[in-house]
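Line by line, the protein sequences give chains Y and D.
The opening residue of the first sequence carries number 1 in my numbering; numbering runs sequentially from there.
The opening residue of the second sequence carries number 1 in my numbering; numbering runs sequentially from there.
Simulated from the structure, these hints should not be mistaken for laboratory data.
We put the beta carbon where it would ideally sit given N, CA and C, even for glycine.
Be a bit skeptical, because a hint or two may be false.
[Unchecked claim] Quick list of simulated restraints, FRET-style, between CB atoms:
1. G82/Y / Q780/D: 27 to 35 Å
2. G82/Y / T660/D: 47 to 55 Å
3. R685/D / G82/Y: 52 to 60 Å
4. D616/D / V17/Y: 54 to 62 Å
5. P734/D / G82/Y: 20 to 28 Å
[Said to hold, decoys possible] Covered by chain Y, per the in silico footprint, the following chain D stretches (three or more residues, Cβ under 8 Å):
6. 711-724
7. 764-770
[Claimed, not checked] Chain D side only, calculated, beta carbon under 10 Å to chain Y, not exhaustive:
8. F6
9. A32
10. Q45
11. L180
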Amino acid sequence: MQKIISAALAILVGGAVGQSLLAWWSLPVLAALIALIFRMRPRPALIGGFLGGLLLWGGYAAILNVQNDGILSARIGALFGGVSGILLVFITGFFGAVFAALGAWTGSLVREKE
Amino acid sequence: MRHIRFLLALVLTAGLTVLASLHQPMGSPLPALGQFLSPFTGFWQNADPAHQFKDATLAFPQLSAEHEVVFDERGVPHIFAQSAEDASFIQGYIHARDRLWQMDISVRATIGRLSEVMGERTLERDRLQRRKGLLWGAENALKKWMSSPEEVTIINAYCEGVNAYISSLKPADYPLEFKLLGYAPEPWTPLHIAAFYKSMSEALCSRHYDIPATHARTLLGDSLFQVLYPEYNPAQSPVIPETVEWNFEQLPLQQPTTGDSMLSIGAPRTPFDLPSPFIGSNNWAVRAEKTANGAPILCNDPHLKLRLPAVWYELQMQTPEYNAYGVSFPGVPGIIIGFNNKMAWGVTNVGHDVLDWYRIDWANPEKTAYLINGQEQPVREIVEVIQVKGRQAPVRDTVRYTAWGPVTYNDPEHPNHDMAMRWLAHDEPAEKPFYALGAFTRLMGGQGLADYQTALRGWESPAQNFIFASQDNDIAITVNGKLPLKADQQGRFVQDGSRSASGWKGFIPHEHLPRVVNPERGFVSSANQRSTGPDYPYYYNGGFDDYRGRYINRRLAEMEGITVEDMKALQLDSRSLKPEEVMPVLLRLLDQTASELRNHERVTALRSWDYNFTKDAEAPSLFEDWFKAAYAQTFDELTVWEDSLEVLKPEEWRFVELLTTQPGHAIFDHQVTTAVETAQDIALRGLEEALQQPPISWAAYQSTDIGHMAMIPAFSRLDLDVGGYEDAPNAIKPEHGPSWRMVVELGEKPNAWGIFPGGPSGNPGSVFYDPMVTPWVEGQYNRLHLMDNPDDASVQPIYRLTFKTAE
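Taking the hints into account, I'd like the entire structure generated from these sequences.
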C-alpha cells in the first residue's frame, strides 16, 4: 500500500513539473523514468501510476474547470456527443491514468528482465 | 517471459501514445486526443478563469511610450495610447488575443487558402475564390495603400501588434479551434488586412443578376421583361430625398453605345453562390429640432451574418489625434462605426451593381488569346498553387486574366464562350492622399462636417451610405465609393466581351456622388434602398431593398420630440410595410372568391394582425407562407425553368403592384391549366397551400441561429426565441440580422448605447464569448462609455494592461 502511494506521489509531482514544460506524451515517458529510477515493482508501478496520472490530469482539469465555472467543459462535452463537463474531467483523468500507468509499468519492467 | 512482458508493455504504451498523438486518427474527425485532453496543453488551457482577471504589464521594443488599456465590466478594452501608431499596435495585439482564429480563418476563406488546413473538402471552394481573383484584388489595393506613408504606419504597427501576440504563444496557448483543427497561427501581414477588406467587398458588393436576368429576358422577350422588371419603384423613398437638386455638369459617356447584351449565353447558372440577399443595414440621423433633448441622434444597425465569434469587436481608442468609441473588424485597424465627443458616423451598404460578366471570344482553342474589336489580345495566365493538407503535391489551377478581369467561368457547353468577371473590387484604387484606413482615422478624429466630408474621399469599395451627425447639429449622408459610369441598361445583362464598347465608361466623380447635408425634413437615413430618385443624371442599377427604407422614412417624418428610447424602439420595430401593403390586397382578392376559407379561423386572425413580426405570433408565419405561395404560383412561367436554368424573379414590390393594380394580368394565368386564372385564383390557391402548414410561432418559423464560424453546434446559439423580419427595421432573419445596434445622442457628452450578439472574446471557453446574445435577443442595449482618461469614474475596470517600451 505504502509503495503504491509513494509511486503515485512521485508520478504526480514528477508529472506536474515535467508536463508543464514538455509535450503531452512526456507523461508515459516521465512515469517510466520515475518507475525505473525508484526501482518500482510492476504492480505498485501500475497501480501507483494509474492513481498518480488520474490525480495529475483529473485534478488539474478539475481545478481549471472550477475556475472556469464549467463554461468550456460544457461546450466541449456537447461537441463530443453530449458528455457532461464533470464526466469530461473524469475522462481526462482516466486518460492521464492509463498513460501514466502504462509508462510506469513499462519502466518497472526494465529492471525486472535482468 | 520477462522479456516478452517488457516488450509487450513497451509496444502497448508506445503504440497507444502514438495513436493518441495523431490528428484525425484512422480517418475520424477527432483531434489528437492526448494533446487535446491534456490539461497542460489541450482544451483545458482555453478554460479562462471566469472571475479572476489580473492586471499585467507587457513590454515590446516596437512601442515608443507607456500606454494603458482598461477593460470595463463587459470586458471591452479602452485603449489610451500616446500615439496613433502605438494605438494600432495595441489594437492588433488585443484583436489577436481575443479573436486570432477568426482573423486567420476569415482571410483563408477569402483568398482560397482553407485547404491548407482543412484538406480536400474545401478544395473546390478555394479554387473558386482564386478564380474570383480575391487575392489579386487584395494585392492591387495594397499596392496603393503601401504608397501612402500614413497608411503604412498604421498597417505595419497593427501587424506588429498581432505578431507580438502570436509570438508570445506556446502551442498550449493557441485558440481552441487551432487545437481542434490541428494547425498553428501564421504571422499577420499587410496582405491579410487587404484580404479582409476584400472579404467585405465580396459580402457587400459582389451581388449580380446578369446571368439570370439575361435568361429572363431571353425567355420573356424584352417588352414583357421590362414590364415585370422595372428598375424604379414609383413608391420608393430613396436615400437622398427627391427634393435634392443635382448642381453639376454631367460627365459625358465617351462611348455612348454599349455592346448589346441580347446574347445567347451558354451558362445555365451564375458560376458561384451569391452573397446572401439578407445582408443589409439601417442608419439614420435626426437633427436637434426633432429631438426631446435638443441634441442630434445618430443610429446604425448593420445586418450582417450572425455568427460566433461575432463579426464586430467593440473598443475605445484614445490618442492625441482622436478619442473614439465603436466597433472594429478583428484583423483590421481602426473603428468602422462609432462616435467621439463631437460626432458620430455609420454605414449601410449601397446596392449598385459593380460586378459585370463579359462573354469572351477566344482567338484559339488553347485560349491563349481572345478577341476585342477583331484584334487578338494575349491572355495573362496566373497559375494558382493551392496547398492541400494530406496531399504531397499542391493543386495547380491556371486562371486566365483578360482586360475585363479573370475568366472565372469555363463554360462546358460553349467552350468558346467562357466568361470573365469585371469587378470593381479588383481595381487598384485611384491615386489619393489617403485610402480606406485613413478615412476611418479621419472619422475617428473628426470634429464636424468638414472632417467627415474630407474623410470620405479616401473610401472606394465597397460603396457605403456614410451617415453623419455632429454636436454642431449638422447631419449628412453620402452614397460614397467608387461607382462605375454606365450607359443605360449596361451591366444588367451579360455583356459582349468582344467589343471594347461594352466596357464601363469611367467612374462617377466623387463630387457627383449622391449626398445631402441638413435636409429640410430634419433627418437623413438609408436602408439599402435606391440611392436617388430617377432624375439623378447617371444610370445605375443593382439590388435594392424597398420596404425598410420607406417604413423608416415614414416613421422618422412622423416623429417629433425624439428620445434615445424612441430610436432604440425604431431599431427594434418588427412592423413591416410589406404585409401592410399586400395583406389587405390578398384578403380583398380572397373575399372576391366564394371560398369558405374566407372564414377560416386562421384567416380571421390574420385580418386583425398588426403587421408586427413578434416572436410568439402565428399570423406572420401564415402571411409569409401565403405570400410566398402566391408569388411562386404567379411566376410559374419562370419557376418551371428552375431545374435547368437560373432565371431572375421579379422584385416583390412589383408583384404586389401587379396584384393591386392589374389583377387580370396574363402573368397570373397558370400555364398548365386550360382555365384563365386571375389574381383571385392566385390568392386562393396560395392560401390553400399556406394553410397546409400547421400554425407555428414566428420565432419557430424563422428559427434564427447564430452559428459558430466552423459550424460547431456546441459553440453556437441556435433557435433563438426572437422576432423580427427581413422587411422590417428589426431585420432579424434565419442567419442574418442587426449585427451591431448603436444609438448615439450628441449632447454635451455623447449619450451612447449599443449591443451586438456575441462578446469580446472569440474563445468558447471564455465568460466573454457570448454574454450579449441573450440581452440582444431581449432588445437590451449597453451604455457605451467614452472615457476621458484611464481613471474615468464612469467605468469600473475589471483589469488593466500596461503596454510599455521594452528596455
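Structure-based check of each hint:
{"no.": "1", "hint": "G82/Y / Q780/D: 27 to 35 Å", "result": "holds (31 Å)"}
{"no.": "2", "hint": "G82/Y / T660/D: 47 to 55 Å", "result": "holds (52 Å)"}
{"no.": "3", "hint": "R685/D / G82/Y: 52 to 60 Å", "result": "violated (45 Å)"}
{"no.": "4", "hint": "D616/D / V17/Y: 54 to 62 Å", "result": "holds (58 Å)"}
{"no.": "5", "hint": "P734/D / G82/Y: 20 to 28 Å", "result": "holds (25 Å)"}
{"no.": "6", "hint": "711-724", "result": "holds (count 4)"}
{"no.": "7", "hint": "764-770", "result": "holds (count 5)"}
{"no.": "8", "hint": "F6", "result": "holds (4 Å)"}
{"no.": "9", "hint": "A32", "result": "holds (8 Å)"}
{"no.": "10", "hint": "Q45", "result": "holds (8 Å)"}
{"no.": "11", "hint": "L180", "result": "holds (8 Å)"}
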